[in-house]
Structures are given as C-alpha cells and as structure tokens.
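A.B. asks: Work out the full structure, taking the sequences as your base and the hints as a guide.
Below, each chain spelled out in residue letters.
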Amino acid sequence: MALLDENRLFSPDPVLRRLSRDLYDTVRDLPIISPHGHTDPQWYAENAAFPDPARLFVTPDHYVFRMLHSQGVPLEAMGVPRVDGGETEQDPRKIWRLFASHYHLFRGTPSRIWIDHALQEVFGVDQRLSSETADAIYDQIDDCLKQEAFRPRALFERFNIEAISTTESAIDDLKWHRMIRDSGWGGKVITAYRPDAVVDPEFQNFAANVEQFGEMAGEDATTWQGYLAAHRNRRAYFKEFGATSSDHGHATARTEDLPQEVAAALFDKALRGVCSEDEADTFRGHMLTEMARMSLDDGLVLQIHPGSARNHSDAIMARFGRDKGYDIPTRTDYVHALRPLLNTVGERSDLTIILFTLDETSYARELAPLAGVYPALKLGPPWWFHDSFEGMIRFREMATETAGFYNTVGFNDDTRAFCSIPARHDVARRVDCAFLANLIATGRLAEDEAFEVAHDLAYRLAKQAYRL
Amino acid sequence: MALLDENRLFSPDPVLRRLSRDLYDTVRDLPIISPHGHTDPQWYAENAAFPDPARLFVTPDHYVFRMLHSQGVPLEAMGVPRVDGGETEQDPRKIWRLFASHYHLFRGTPSRIWIDHALQEVFGVDQRLSSETADAIYDQIDDCLKQEAFRPRALFERFNIEAISTTESAIDDLKWHRMIRDSGWGGKVITAYRPDAVVDPEFQNFAANVEQFGEMAGEDATTWQGYLAAHRNRRAYFKEFGATSSDHGHATARTEDLPQEVAAALFDKALRGVCSEDEADTFRGHMLTEMARMSLDDGLVLQIHPGSARNHSDAIMARFGRDKGYDIPTRTDYVHALRPLLNTVGERSDLTIILFTLDETSYARELAPLAGVYPALKLGPPWWFHDSFEGMIRFREMATETAGFYNTVGFNDDTRAFCSIPARHDVARRVDCAFLANLIATGRLAEDEAFEVAHDLAYRLAKQAYRL
Amino acid sequence: MALLDENRLFSPDPVLRRLSRDLYDTVRDLPIISPHGHTDPQWYAENAAFPDPARLFVTPDHYVFRMLHSQGVPLEAMGVPRVDGGETEQDPRKIWRLFASHYHLFRGTPSRIWIDHALQEVFGVDQRLSSETADAIYDQIDDCLKQEAFRPRALFERFNIEAISTTESAIDDLKWHRMIRDSGWGGKVITAYRPDAVVDPEFQNFAANVEQFGEMAGEDATTWQGYLAAHRNRRAYFKEFGATSSDHGHATARTEDLPQEVAAALFDKALRGVCSEDEADTFRGHMLTEMARMSLDDGLVLQIHPGSARNHSDAIMARFGRDKGYDIPTRTDYVHALRPLLNTVGERSDLTIILFTLDETSYARELAPLAGVYPALKLGPPWWFHDSFEGMIRFREMATETAGFYNTVGFNDDTRAFCSIPARHDVARRVDCAFLANLIATGRLAEDEAFEVAHDLAYRLAKQAYRL
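Chains as they are written, first to last, in my numbering: chain R, 1 to 468; chain B, 1001 to 1468; chain V, 2001 to 2468.
Treat the hints with caution; some may be incorrect.
FRET-style restraints, in silico, Cβ to Cβ [said to hold, decoys possible]:
no. : chain 1 : residue 1 : chain 2 : residue 2 : range
1   : V       : Asp2278   : B       : Ala1136   : 54 to 64 Å
2   : B       : Arg1018   : R       : Ala318    : 47 to 57 Å
3   : V       : Asp2025   : B       : Ala1136   : 31 to 41 Å
4   : B       : Glu1076   : V       : Asp2278   : 38 to 48 Å
5   : B       : Glu1076   : V       : Val2262   : 31 to 41 Å
No wet-lab data here; the hints were simulated from the structure.
Think of the CB as a built atom: it goes at the ideal place given N, C-alpha and C, for glycine as much as any other residue.
C.D. replies: Okay, structure coming up:
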C-alpha cells in the first residue's frame, strides 16, 4: 500500500490533472532552495543520529503536539520539556503510541500530508499510522535512524538541498555554523540575522542582551551610535557565515522613521526598562527602518514576519515556555503601518523587503497592491498555519492578479521538522502546478509560459530574491 | 417535475460526484441531532396545526421577509406584526401571492434551496413557485396543514429528529417544556439556558429582569452572591428539562475575569442603570467566565454567539421590534477578547466552549488556531448568513487544515423555520460529503477514513460535543 | 495564432464548459452599458486619432506602469509626466519596447487578459507581445490608429456601447459634453456628478474650489444654504448632460446626519481651513446624507467608493502627482459607518445608493447583509484591483447567497483605458456565465432561470439601477 497518491493535490478533472502532472514533472526533482527556516545547525555540525522517532516527529513539532493537546492530551505526555525541569514522559515508544492513537486528528491537515510523506519517502513506511501499526512503524524508523544514511548530512544530500538558511539570534555565537564551515562538508548551510532579542524592548532580558551584543561586537552598545555600530558589526559577522537576510518577528507591522535623537532617547528608555507598550512598539518600528538602511549598505534582504500574538496562554508559558503552539495570528494592518518605512526606502530597487502575513485578508487588499507598485517590496509565501494546500491556493488566487508572480519569492519551508522539508516543498510545487494548470485550462496563460513560471516558482525566484 | 436535483451541491466532475454520492448515501438517513435552534416549544407542547402557508413560510422567516423588503416590499404587507398593534396584512393568501411573485429574488440563495426542499419533500409540491403557481401551491400546502400528519409532532417524527434543543431565556418558566414532558410524548425536545436578559446591562428592563430572575430562583438576585446563586439555581432547573448547554449572544467576543469585588461593584452599577457602555461590555465579558466556572460544576456546554450589530435600523426597531432581519454581522476579534476566559478555563478538558462567528475572516486566522490548541475550545458550524453552500465550504476550507475535523461540532440548524430543518441538515451533509470527496480525489484523505468522518460530521460530533 | 482562447474563463469540466458557453452565447453580443467610468469626454467631442500605441496602452494605464515600476522601471521611462514638467521619455516606440520586454510580468493578471483582448479584437494582433514582436505590433497598431475606423467615435460604435458615463468634477464646465451634444453625433455619452473637490475639506484648494463652485452655480457658496443651493444647481446642470448619478470617493465609509447648524459650523471651519482630520471626515460623512436627500428630489443615483488610501508614496506624489498607482485599499467598516445615512434614507425605495468596496472581507459579512434588507441599498460590482476573474468570482460567491442577484447592479468597467472596455465587459460576462453554470450544475438554479439572470447581469440590471 502507498500512503501517498501519485497525483495528490491535483484536480480530478482530466484536463487539469494532465496539465498539472506535466508541469510538476519538470519541477519535482529540482534542488531545494530553503532560504528561511529553523532547522538546528548543530545537526549539520555534529552529524549525530537523530535519537528516536518520537523526538524526531512528535516532541519538537508544535503542529503535532498542539493538535493532540487540543483534544486533552497533556504536553508532558508528549515529552515536551517543562521550564522547571519537572517530570515529563521520557519513553519514546510510549510517546509514539500516543501519537499514533491520535493520528486520525490530523485528517484534512497539512501535518498529515507532511508526515505521511516523510514516513513513506524517507523511511519507506507503507502502512497508515494507527494504534495497530504504531510499534511496527516505530521499529522501522528506529532501525533507519541507526544507519549512516539517516544522519543529518546524508539526509540533507538525499533531500537535494542546494542551500538552506537557519535563523540565529543576533547574540548567537554561530559556533555550529563555524563548525560546519570548518568541517569541510560541502552542504550549503547559511545563517540569517534575527535581532529581536536586542531590538524588542519587551524581549526577555533586553538590557542584558544588548550588553552582551555590544561585547560580541566590540562596541559600546549602550549608546545609540554604538548600538547601531554593533548591528553593522554583527550583520557583517553573520555574512561571514553566509547570511543573505535578516528576519524580524514583530507583534505588528508598524514601522517608523524617527529623528535620530528621538530614536536615541527611546533606546535609552528601553535600556532602562521604562518604555511604555506604545514606545516599545515605536522603537521596534523604527529599527525596521534602521535595518533597511543597513541593508542598503550590506545587501541583506529584509524579512518581516509580523502579527503573531505569541504565548497566548499564561499557564503554558509558565510551565513550558515559548514556542509551544500558543502563538495565534492576529489582524494586521500594512497600509498605514508600512508607510514610514516605504517612504524612506520603498522606492529603492537595490533593496529587497520580503513581507509575510498571518492575516490572509491582507493578500488582495493590501499586500499585493503594495508589492505591485513599490520596487523594494516582495511578498513572502504563505506563512505558518497558511502554509497548506488551501492556504497556498488562496495566496495565489488573492495575490497573483495584482502582484503578478514576479513580486513573489518562491517557497519557504520555515520549519524545524527536518524530515518534512521535502514534503513541504513538494506540496508547494504541486499547488503551484495545479494553480498554473488552471490558468492554462481557463485561457489565462499559455502553456509554454506556465512551464517557465513553474520553474520560477519552484527554484529561480527564491534564489534570486534571497541572493543565493 | 422535480424541484430538487438528486445530486445537488455535488460537483459535476464524475469522480467527485461519485465519491460525494457514495459518502452521502451513508449519511443521508441518519437521525437529525439539532443541538441549537429556535423552534417554538409550544408547537411540540400543544401539537396544534400550523395555521396557513404564509404564517409557516413567510411571516416568521426573517431570511424571507428581509429579501422582499430589500426590494421595497413593506414588512406590513407580509404580515409582520407592528409594535403598536397597527394594521398589517392579515390575508394569508395575499401574503403568499406576494411572496410567490418575488420568488425569483431568491435565486442563488440558501433560502431557495431550503424552501424548495420543504415544498417538495414535506408537501409534495412539484412545480416552481411563481405568480402563476401561487394559488395551487397555497392550496396544496393548506390541505396538508389540516391533516394530522402535518402537525408538529408528526413532522418531528417524520423528520427523524433524534433530539432538538430550543433556546429559552433564563427568566422563561419553561411551561411548554413542562407540558411536553408531562404529555408522555417520546420526542426529545430539550431547552438551553440563554441568560442575556439578566447578564447584559443594556438589555431592555435589565433590573426588572434580574428581580424576576431572583424570584424564580428563590434568591436575592440583587446581591452579587445571590445573583450568582440564582444562575446556579436556574441552570439546574433548565437541566431538569434536558438542557445540556447555555448560550450567549453578545455584541463582541470580549471576556474578562475580574476580581470578585470588582465584578460585584459593576453588577451593582448595572442594576442601578448607571453602567457606561464599556462597563456593560466588561460585565458581559466577565459573566462568560462566571458561566464557564459554573459549567465546570454542572457540565453545561458554553456556546458563544458574538458579533451581531442588532436592530440596525431605528425606524424598523421602533415599528416592528427586534429580530426583523436588521441584525448585521461585524468584524470580531477573538485572540485578545478570549484571552481572559481562556487563561482561566481554557486548559480544562472537562469543559466545552463552542465558538461561533459572523466574521469569516477569523476562521483561518484566529478560531482554528485557538480551537486547534486549547482543550476547552471547539468551533461551532457556520452561523446565520454563512449557513449556506458557499459559507459551509469556506468554513471547511479555512478551518480544517488548522483545527482538524475533531475540534468542530457537527451542524446546527439554528432555525425557527420548522420545515427547513431537514433541508438544512441535508445541505450540511451534502456539503461535507462534497468536501470530503474532494479530499479523497486530491489524495488528502483515504476513502475509508472519509466515510468515518462523514458519519462524524453528520451525527457523532454533535452528539458528543453537546453531550446528547 | 490566436492570443485568446475561445473558452477562456470557463471551467475545463465538460458539463460546466457547455453550460457556460450556452449562457455566454446569449449575452456576448449584448450592447455595453457602462454606467461608471473615467474615459475622457474630449475623445468623443473632438474625435481625434489616438496618438500612438504607447500613449494608448502604457502611459495612461496605472495597472500597466505600476507593475513595471514594481520591478524597478522608473515612471519617467514610461513617459509618465512629472509635476515639475521635467524630462521624461518621449519616444513612444522606446516606451513600447520597454513595455513589451516586461510583458511577462503580467502573467496571471487581468491586465494581460484586457491587453491581449484589445490587441487581438481591436487591432488584429495575432502574436504574443515580447521584445521580439514589439516593433511589429507597434507598427500594426500605429497603422490602425491613423485610420478613421480607429477614432474614438468609430470605436465607440464598434464596441457596441449603448451608453457610457464619464465622471466630472462638480466644478468642471462640461464643455466637452456640450461639444458632444452639439455635434449631433448619436453616441450616448453622459456625465456623472463628482463633488469631492468641493465636499472634502482636505481636497487641494478646497476653499478656492468652493468659491469657483458658487460662481458657476450663481450662488454664494460660502454660506451653508448657498453651498447646498449650489449643489442643487450644479446637479441640475449635470443632469442636462445626461447625468443619472453622483459619485463620492471618500477615505472611509463614514456617514453622518448632523443638525443643520452643526453642519453649517463645520462647513465654515472647512472653508477657513481649520478643520481637524476628524472634523473633515465628519463633514464628508454628513455631505453623503445631504447628497442622498438631494437624490430624493432629483433622482440621481448615489455611488459611494470608499476606502482607498490615496497617494501612499510621498516621493511619487511630489514628483508625479495623483493617480499614479499608489492608491492602496484599506479595511473599511460599513455597519457602523453607514448607520446615520441609512437611518435617514435607507428605507426609501425611491432612492438608489450603490456601495462599492476595496475590502472584500465586507462582501459576505457586511455589504450583502445590508443590501439584502435596506430598500435603498444596492451593491456595486467588484472595484479596482478586484475587477478580475478571481475577484469577480469571490464577489458572486460571497455576496449572492445573502443579497441575491437583484440587489446588485451589473458591471462597471470603471476605466480610462478605452480599448479595454469590450475586454472588461467580456470578462464580466464570462465570469457571470461560469458562475451561473456552476449553480445549474450543482442544482442550485434551473437552467431557464440562469439564462434570464445572465441577461440581467450583462445588461438589464445596470440599465435599471442607473436609470439609463
């Protein structure tokens, strides 16, 4: 039995299916460009075996544990570590069985597609995961993980990854990236500059972070000029490890372009921990413009990922910490929020700003019209919960007519679930081919053009936009 | 001639049509679970004949009279009663002819499907309603209504309703429910606890309502503790008549968890009629949390129906009163609004909170992500204007990928139009089967699983979620 | 080679394609009713030849130049005139080649469909525009433009335009309309009353505009009563040139119905240039209600086009002025914003208010519920960026179930791109036929009814709603 339908995500209509298939056949084996994501550089650096099926598929994947939790399964039972180091399930087989017995919850979700894809294509599993098959599949994966061929670097090569970016904090020492570089291994693993910890006055330990930041950069980062210099220094350092982009995860899309003395005064308040909520937001907004100005000098692509209400549950935050599936999308305004930034640098065609959203209502209304006119702007692919079959289709349907294809930047897998990378790119390629097939069949695009666009969406656009 | 296409709401694509049909054939005859609605318990209690076609199909159905009114037909002409008791059309045949002559207005609307279904399946009508056929169809229905087989209880049984919930105010004496129970009739008609009249400081006659509420409960409801005790008492009373849920229709989704003394002080201001608008909203928000706490004790499912701007036209409100088709959906924020409630009880898996929305933009952005992680939360089906073919498809497409099927609760007909109940459940079953067929055909779900899900959506989930 | 697929925009499903085609064949050749748009009356008045391909297709079309600009092409290079009269490209062939070499950017956009349609159907072009074909196509169009048959009036007749409305400012002297009328030419070109320049206190030169307005009307427009009288006078004047509608482009949908003395005082502040932003918005909102009251007297249809954040880039505004592709849609609230207007005149069935939106989220949530109950309200077709295949489908899917077809008003091309008029109406007719085909195939509408509705949407509704 195959878990995967060869023609999955293609319309059953014979015309559409044939066109989709023909397009897909030309892009399915293209190398993977993964310009934004959260895989762990330690994997590639140490190339150690992944420990067991549960710690590969369940414990670190917030899509997975949030779904089981929504049906009453405690996070502890899935081995999610507690902040206080207290007891959690440690037996990987028990965790796996729990996961398997709840696998029906994923019906109709992208996780189901990603996991089935990884099970079949990476581990050769040919039966559906369930309580009945849990042990056999566990053993099959576990056997694999003990083999050389399933170590991170081998999988990286097997996945045909041409380049992958991880994401590191501005105060990360990049030691794993250094180790990768020094190892002589040929895999292209680069970093990206994520300065939230030293840009967001509300970030935990902001002042201490800035101090450490200054030390790492050899600048007195407690002065405004020293702080900016430290950014320039760290960005240059990140570029040594391949960085071609910075990334910014703010609660809103607000931008500001404050007079320097106002920004300096705000920075001072931020360091002293006396910013109001609005002042913190103003400061973050201003820093996007500063980052854009630095990008004009050093060429880093600026990515903005706004609009997540993070750590929605106080109880979960207290017990398990950040990134536990409780980050919820919110409505996000772009038109007014981005105006200060765009008035400053939006007309620069030597700058690339990539916008993401968790608010799909902005695709057709705000993002496509903005990206369809400002030279500096491009649209990132569907993000997070919207990184799914329906979500991707909605993105193409709502953004393409106004922004076209060439103001978009291909696909991001944006994942920390390593084995899902081929699955996610495969889904994106299939969806795009299905979308293009529909354009051909409805007379909106010629067939020869569609083949070119399919290739652009699967490969070229990501490479160009991220300067890879 | 048949009014209804046997394969209505299924794609014309042969693959999808066959799959849809196969799935539908297994659920079409399942009993109806109707866990939330507004049918009149007096019907089941007295089992009197419905008076005439106009008062069955036109006068009480706001979907119908709002559409005719939008094209200039005065509400009086459709027999809608005036607040001042003034003159309105009383001749049911005239009202029916008026309706028939405007029946083309319903092209492309769910009302058209519901009414055609009732005409054909309940009354055996086989010609399209129009000026030409108005009298013949009127006579045909009128003849039926005089027969025993068309009395409420007979129709209830013929409709294969396993359980239906009405909705009563907290200050309703439930006399019709008592009469049903005492009648010995076997139909399962239960009530639901709707305390808006004593929870919303802006409700007409709030203070008098609270006084009456206290009297009914044998508590001094003018004190905060007595007021809470009265709720507990009335909830218990409603449970005697089968209630398994409470229901809350607030202008916003705001929730609060105030210190008890703050809540008590607000309650006092509310009773004295001196709440500001914001204080009234705060109080309503706090009462949702109090209701949730009571649910932890008594097991009632908590339903929240927020976001309707009610009685939009002052002139219509003054002349005809509430519920005259002038309740208009508004944008609703859930992420911030629900946080106080969820921080208090959201992690409880022994509690069920069912969320509804009139703002479809929240499906993918807020509701599915919230229901996909909080154990206490489930998503109610598309509500009101969105309870339609396209509306239901959008719900499945936007909610399923993040919340899955098992954080949803099946279908609600939510109607006061008795003859439309089978039609509405039929539409929901067809839409869900069409959606599942598409998942199968695009390789997103295995066929055996789809059959199980179809059954879950048509029957099991409603029964489980509402504890019926 | 044909640029256009005969069955474009129809589903490849054979059932849907046949139904779509059958419906379309009955409406494709109906005369064009164009009740709202921005063609230049000077064209029809002087009937001069269009100058060259670039100045026909590129320089005046903001859809075109914004897309090239988004990829870094300076507006100057496309001949867009500068505010300071500075240098811009003047060679039409160079501009055309630039356009041709970027034509791939329009893949998947409505501009591609409109332009291909104009190239093939108006100018007989049969090869795809590209760098290779640029010169040949330029020559072919240029040859045409020198012929009598390609002058504005000849094209008007060839396009089968039964009536077209231009849009003029309240302080326009309508001299071109007078010249058309006096010419004896039979083409029906009418004007529409657009008073933004004298209604919006934030409009450039508001006070001077009002003074000129008073002079043209023979009223002292600096007093509130004189100002209202001047509106009545100018509306009557516009009616002499065929106007059947007024049109209002406000930043928000806000309406007010202020006491007259409050409105008078605001007007006085507006004239003195001392309105706050909020007061300006209040005044604009109140003027919508005044306009509606005048419509009750003179029968003009009231069109509201709210929600565009105009001139988003300060740099572009300073260098090139208004209407340069930098008007970006924003979220728009209708439910609360329209209440004052609707409470005043919404129940009048002798008034027609046509609502437009750039915020698609309001279709199902707000606009359809409002238009589906208020006798005065109708929904305008998808506007601006949403005037596209996907945009029109979304409109029908989201608005029809609640508003029906008969609270909509057919199609507006809303264009200043003359040669795109047949293309745009053709797209609208195809989309509507495709939508109706789907209703038939899914049993939601009988075939005979769909043919009637197709005709209504393509022709009758626009004629009726706009009183043409």
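A.B. asks: All hints, please: hold or fail.
C.D. replies: Here is how each hint holds up against the structure:
| no. | hint | in the structure |
| --- | --- | --- |
| 1 | Asp2278(V) / Ala1136(B): 54 to 64 Å | holds, 60 Å |
| 2 | Arg1018(B) / Ala318(R): 47 to 57 Å | holds, 52 Å |
| 3 | Asp2025(V) / Ala1136(B): 31 to 41 Å | holds, 35 Å |
| 4 | Glu1076(B) / Asp2278(V): 38 to 48 Å | holds, 40 Å |
| 5 | Glu1076(B) / Val2262(V): 31 to 41 Å | holds, 34 Å |
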